[in-house]
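This is what each chain is made of:
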Amino acid sequence: MPRSKIDIPCHVEHLSILDETGRLDKGLEPEIPEELLLKLHRAMLLGRRFDERLLSLQRQGRVGTFAPITGQEASQLGAVAALRPSDWMAPSFREMAAELWRGRSMESVILSYAGYNEGGRADEKGTTLPVSIPVGSQVLHAVGIAWAIKYRQKDDVAMGFLGDGGTSEGDFHEGMNFAGVFQVPAVFVCQNNQWAISIPRSKQTRSETLAQKALAYGMPGIQVDGNDVLAVYAAATEAVERARSGGGPTMIECVTYRMMMHTTADDPKRYRKDEEVEAWKKRDPLIRFQKYLADKGVLSKEKTDSLEAEIQKEIQAALERSEEQMKALVDPLVMFEHAYAEMPTYLTEQMQEFKKELAAAKEENHG
Amino acid sequence: MAKMTMVQALNLALRQEMEKDDGVIVLGEDVGVDGGVFRVTDGLIDQFGDQRVLDTPLAESAIVGMSIGMAVYGLKPVCEIQFSGFSYLNFHQIECHAARLRWRSQGRFTVPMVLRTPYGGGVRALEHHSESREAFWSHIPGLKMVIPSGPRNARSLLVSAIRDPDPVIFYEGKAIYRAFREEVPEEEETLPLGQPQMVQEGKDITMISYGAMMRPTLEAAKELKEKEGVEAEVIDLLTISPLDDAMLVESAKKTGRVVVVHEAPRSFGPGAEVVARLVEKAFYYLEVPIERVTGFDVIIPLFSREQSYLPGAHRILRAAKKALST
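Chains as they are written, first to last, in my numbering: chain A, 14 to 380; chain B, 17 to 342.
If you're looking for bench data, these hints aren't it; they were derived computationally from the structure.
Honestly, I wouldn't trust all of these hints.
[Unchecked claim] Beta-carbon label-pair distances, calculated as ranges:
id, chain 1, residue 1, chain 2, residue 2, range
1, B, Glu-204, A, Glu-370, 38 to 48 Å
2, A, Val-347, B, Asp-50, 40 to 50 Å
3, A, Ala-374, B, Met-17, 27 to 37 Å
4, B, Pro-181, A, Pro-147, 19 to 29 Å
5, A, Leu-51, B, Val-53, 52 to 62 Å
6, A, Arg-75, B, Gly-123, 22 to 32 Å
7, B, Gln-211, A, Lys-326, 11 to 21 Å
8, A, Glu-337, B, His-144, 52 to 62 Å
9, B, Val-314, A, Ile-210, 54 to 64 Å
10, A, Glu-44, B, His-144, 48 to 58 Å
11, B, Asp-38, A, Glu-355, 40 to 50 Å
12, B, His-144, A, Pro-147, 53 to 63 Å
[What the hints assert, rightly or not] Computed, partial: chain B to chain A, Cβ under 8 Å:
id, residue
13, Gly-51
14, Phe-54
15, Ile-84
16, Arg-120
17, Gly-123
18, Arg-124
19, His-144
20, His-145
21, Pro-181
22, Pro-258
23, Gly-272
The beta carbon of each residue, even a glycine, is placed where N, CA and C say it ideally should be.
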């Protein structure tokens with residue numbers, strides 16, 4: 014009856030394939046067709062440049078508050094690149110690049126950030142949920158979707174995103190627990206970007222890794238270098254395949270860094286040092302990947318330059334289209350739409366009342 | 017027709033909807049093998065198996081969050097929160113997601129789920145097992161809040177709630193789970209959500225209530241008739257939100273005297289909304305101020321005193337007599 018030890022056979026893997034100096038672990042290098050490599054690169058570059066453009070638009074007052082993704086391109090794109098279009102994705106609010114990968118248009122992102130509900134309009138057959146702002150809460154939706162996929166005997170998977178701050182939320186733990194109990198085909202991608210607004214990762218949890226939280230819920234947890242798109246892709250592919258083949262859920266911790274502010278309303282200088290940001294700049298996921306592609310001989314400086322120009326053009330065109338669209342989105346009555354499948358009587362009455370007010374105000378203005 | 021308790025009638029609704037549609041999934045704490053602590057889901061796991069009836073871990077937010085995901089995918093989850101006093105843990109998922117996904121996605125993703133949960137006092141239970149917080153849910157745009165008052169309408173409303181394309185909070189009065197039986201037909205029966213029901217017509221006074229409070233309200237109406245010769249018109253709201261006021265307004269215009277009854281606390285309770293609507297739409301027809309007979313603005317006391325808190329027929333009767341006195 015003495016105190017004894019219960020041996021729990023567990024470990025957390027750490028995966029890094031392409032380090033910050035561009036050195037490659039050849040043995041671990043995933044086999045990615047050139048076409049996909051270039052598509053990933055393009056998506057990372059687009060995510061970065063679009064983020065930069067959004068920031069300047071925000072500073073000019075042309076869009077409102079948003080959460081920049083710069084620095085996290087590899088961690089989100091490496092993950093969704095492992096999905097098929099029919100798989101599901103439940104994003105948080107810092108997955109813009111991944112959303113674009115999944116088919117969301119830049120116009121729709123601009124519309125949302127400019128304060129138009131129309132930006133949330135999803136493709137009728139789309140399987141990417143809209144942005145979820147309450148931290149960690151979307152993890153549960155991925156679990157429910159994954160359960161439904163399994164129940165309907167489809168071989169799709171559901172991928173839920175969250176951040177390091179999200180791992181402190183109850184919904185994350187409840188979701189992980191349910192996913193483990195019901196063995197659903199889900200993959201949880203935690204973008205550990207080191208900061209939850211002003212709270213550093215060290216103050217979020219005493220756990221040595223975030224990935225180890227998976228172990229308590231009976232699922233594998235893996236920590237990857239989130240700025241290494243090859244590692245993220247390799248880990249995500251493995252997790253997605255496990256889920257697809259009935260092997261249950263996985264949690265992936267992508268160690269990355271939030272290069273910008275939490276949102277444009279935040280000033281990170283209040284709580285973190287420039288040196289830290291500078292150090293992470295050296296681990297830039299985009300530059301690292303570009304070096305890898307150049308070494309591989311699939312990307313030249315000329316190609317990159319012309320891609321840069323092409324992307325800027327695309328962003329400009331999307332911006333012009335969205336600003337054109339906004340001019341037509343002046344009817345305030347749309348606020349009454351999409352509350353219910355059928356508008357309740359009292360809401361119809363309120364809308365009519367408001368219509369009359371609008372007409373009266375118009376009359377006054379003319380008079 | 018079989019005479020059933022509300023528990024049996026709800027069970028019938030679940031069973032028949034599950035037979036009809038394999039997208040209907042029941043989930044919650046102890047709903048499977050145990051058949052639910054009130055036995056509403058009794059026997060469902062035997063008939064449909066553990067892929068249709070899920071005994072979940074003990075986590076209210078996850079039960080609801082997972083139901084949201086299922087509903088988004090196209091299933092029709094009917095989750096049970098064991099007592100409404102524990103549903104605050106999942107309030108966030110309802111307010112932030114269930115009620116908003118249709119709106120957020122501009123109609124692409126909808127959440128056709130039902131959250132069933134027992135509410136209300138009168139069964140000598142522990143703390144957190146007796147309150148009546150329908151006002152919380154009724155304040156949320158995008159959500160429906162339904163409360164049946166007896167076996168027959170409970171069955172019909174639950175069927176409608178399961179088929180409804182929007183999320184529904186479905187409160188089941190513990191006090192009336194087994195208090196009385198009604199004829200409930202085996203064949204399908206539904207009631208539209210969002211419409212009150214005229215329980216009895218009358219010309220002298222309008223009495224408006226719902227849920228477990230319908231019984232004392234009807235008792236008071238009966239006594240008014242027998243002892244005072246007063247003909248009360250009694251309306252059962254059935255759906256608290258969205259509240260359709262047409263029948264209420266028409267009745268108030270007819271009688272000019274109104275009593276609203278609920279066991280939820282008075283301030284900002286459903287009665288406040290009913291009164292506001294009548295003031296907006298029937299003010300000039302009202303002969304006297306509208307009476308509210310409700311729970312007090314306190315936490316419902318532990319059970320030795322809960323009957324003092326709950327509106328009974330006597331309190332309702334006194335309020336009605338006051339409304340009739342001038």
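Results of checking the hints against the structure:
no.: 1; hint: B:Glu-204 x A:Glu-370: 38 to 48 Å; in the structure: 44 Å, holds
no.: 2; hint: A:Val-347 x B:Asp-50: 40 to 50 Å; in the structure: 47 Å, holds
no.: 3; hint: A:Ala-374 x B:Met-17: 27 to 37 Å; in the structure: 58 Å, violated
no.: 4; hint: B:Pro-181 x A:Pro-147: 19 to 29 Å; in the structure: 24 Å, holds
no.: 5; hint: A:Leu-51 x B:Val-53: 52 to 62 Å; in the structure: 58 Å, holds
no.: 6; hint: A:Arg-75 x B:Gly-123: 22 to 32 Å; in the structure: 27 Å, holds
no.: 7; hint: B:Gln-211 x A:Lys-326: 11 to 21 Å; in the structure: 56 Å, violated
no.: 8; hint: A:Glu-337 x B:His-144: 52 to 62 Å; in the structure: 55 Å, holds
no.: 9; hint: B:Val-314 x A:Ile-210: 54 to 64 Å; in the structure: 39 Å, violated
no.: 10; hint: A:Glu-44 x B:His-144: 48 to 58 Å; in the structure: 56 Å, holds
no.: 11; hint: B:Asp-38 x A:Glu-355: 40 to 50 Å; in the structure: 26 Å, violated
no.: 12; hint: B:His-144 x A:Pro-147: 53 to 63 Å; in the structure: 24 Å, violated
no.: 13; hint: Gly-51; in the structure: 20 Å, violated
no.: 14; hint: Phe-54; in the structure: 23 Å, violated
no.: 15; hint: Ile-84; in the structure: 5 Å, holds
no.: 16; hint: Arg-120; in the structure: 5 Å, holds
no.: 17; hint: Gly-123; in the structure: 5 Å, holds
no.: 18; hint: Arg-124; in the structure: 4 Å, holds
no.: 19; hint: His-144; in the structure: 18 Å, violated
no.: 20; hint: His-145; in the structure: 22 Å, violated
no.: 21; hint: Pro-181; in the structure: 4 Å, holds
no.: 22; hint: Pro-258; in the structure: 3 Å, holds
no.: 23; hint: Gly-272; in the structure: 23 Å, violated
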